[in-house]
Amino acid sequence: MTAKAKIALFQCRWCLFSPADQEWVDTQLPENIHLTKTPCTGKINPLYLLNAIQGGADGIMISGCLPEQCHFKTGNLAARRQLEEFNDFLHYIGYEKERVHFLWLDLQDRGIIQKELAAFEAELEAMGSTQHLATRVMRAEGGENA
Amino acid sequence: MPDINALKLEAKRILREGIVDVVVGFKPGDSPLHPQPAFFRNEDEVEELIHNGLCKNNLANYLTRLPKQEKVGILVRGCENRSVNSLIVESQKERDDLYLIGIPCEGIIDWRRIVEQAGEHISMVEDNESEVTVHAPTGVNSYNRFDLLHESCQRCLHRNPVSADTLIGDPVANGSLELATQKVKNFESQDIEARYAFFQKEAERCIRCYACREACPSCYCTECFVDHNTPRWTESGATPAGMQGWHIVRAFHQSGRCTSCGACERACPMDIKMTYLTEKLNHDMREKYNFECGMDAETKPPFQTVTLDDKNRFFVGGGK
Chain A
2 MTAKAKIALF QCRWCLFSPA DQEWVDTQLP ENIHLTKTPC TGKINPLYLL NAIQGGADGI
62 MISGCLPEQC HFKTGNLAAR RQLEEFNDFL HYIGYEKERV HFLWLDLQDR GIIQKELAAF
122 EAELEAMGST QHLATRVMRA EGGENA
Chain B
24 MPDINALKLE AKRILREGIV DVVVGFKPGD SPLHPQPAFF RNEDEVEELI HNGLCKNNLA
84 NYLTRLPKQE KVGILVRGCE NRSVNSLIVE SQKERDDLYL IGIPCEGIID WRRIVEQAGE
144 HISMVEDNES EVTVHAPTGV NSYNRFDLLH ESCQRCLHRN PVSADTLIGD PVANGSLELA
204 TQKVKNFESQ DIEARYAFFQ KEAERCIRCY ACREACPSCY CTECFVDHNT PRWTESGATP
264 AGMQGWHIVR AFHQSGRCTS CGACERACPM DIKMTYLTEK LNHDMREKYN FECGMDAETK
324 PPFQTVTLDD KNRFFVGGGK
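Protein chains in written order, with our numbering: chain A, 2 to 147; chain B, 24 to 343.
The following block holds chain A by itself, in its conformation from the complex (with noise of 0.2 Å):
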């Protein structure tokens, strides 16, 4: 892969609980991670994650709280039996499992975010791009897509 992976990041905003890793998610993100910030992991629809695979996502990280600390007490309980359901099932029909990471976060973890980041992302250009799951292609790039 020559260009840098893609990925999409998902944000619980409550998950972050030092200002300053939030500050730095919030403005100095590399180029290639695109932010997506929700009100908490419960909010993440499985077809938010398609939808970003089919947009040409290499890879998508979902941060969120661990269990007993979600700030809506069982939002990323409902989330993480969704969400792992769905990428289990992508796995069945033939997506690979490790370009959806997830990442819980304690309260008390600092610089974790960055960290993570950077090894998904030295681990998806490692696995190169996938032809797995078609992407949308414009029309003006000769696609069908609108």
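If you are wondering where the hints come from, they were derived from the structure by calculation, not from laboratory data. Owing to the predicted nature of the structure, the values given are computational and were not obtained by experimental measurement. It cannot be assumed that every hint is accurate.
Said to hold, decoys possible - Covered stretches of chain A, going by a simulated chain B footprint (3 or more residues, C-beta under 8 Å):
id	stretch
1	31 to 41
2	47 to 58
3	81 to 91
4	132 to 139
Cβ coordinates follow ideal geometry from the N, Cα and C atoms, glycine included.
Using the hints, position chain B against chain A.
Below, chain B without anything else, positioned relative to chain A:
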């Protein structure tokens, strides 16, 4: 096979005694291969009622389509009974408004397999316990009944109705879990390229007619995610991305709600295989949460219930 006269008597009785306003069942269709769903509102109409192995629709589908205040009598096989239960769990119908006439099921015959073997223009199909006799222009032939069954019926786990008000016929032997999960295990044992190739080959034939959605009792949303356009959830065109997206998400919306009746696959005009997707989700629900959809009218599916019990499956830093 259920005794058709006993079925008619029961249907007439509940209509006469005012227990229900309408009985949902089957009547003969244009071809002997295609009996069609029918709504019987008085005793005379019930004379048309039939029930045989070629009745391929899941009748629970009509519960959400009929007016909500109507009391409904419905002919249920094992899978239909579980679909009814799942609709009650999802508050789509009250159990008190329903009268379930249970029929132990010996499997639904796949009409495509009959056409494959006997050809078109079939004039009569005799459905016996172990073999099916088909009267075609080319001659009269008998086939082994099990071989003609639809795939999801061959590996059916729960053949008897689980909560019927009355049972017409004797209960039959239930299927084995081993046979039911074999398909998923076989598919999973293939490598990732083969799995994707199969999925791609099946999904690309889709013409986006949504017959699978219309045939499914669990697909009752007023506005489906593919019809929603502000914001657009997914690609709605017949493009590779759109077709794959539809197949993935249609199946995923059934997780913990599918009763493996196979009505989606039987409804598909392009003969696309799709039960291998929902079977996988059912398999996971069984393995991870010990949940079987529709076995009673109270238990909510795993995605509607959350508990701290499975917190140990969380991990910091992606489990490394």
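Tested hints:
no., hint, in the structure
1, 31 to 41, "violated (count 0)"
2, 47 to 58, "holds (count 5)"
3, 81 to 91, "holds (count 9)"
4, 132 to 139, "holds (count 6)"
In summary, the structure is inconsistent with hint 1 from the numbered list given earlier, while agreeing with all the others.
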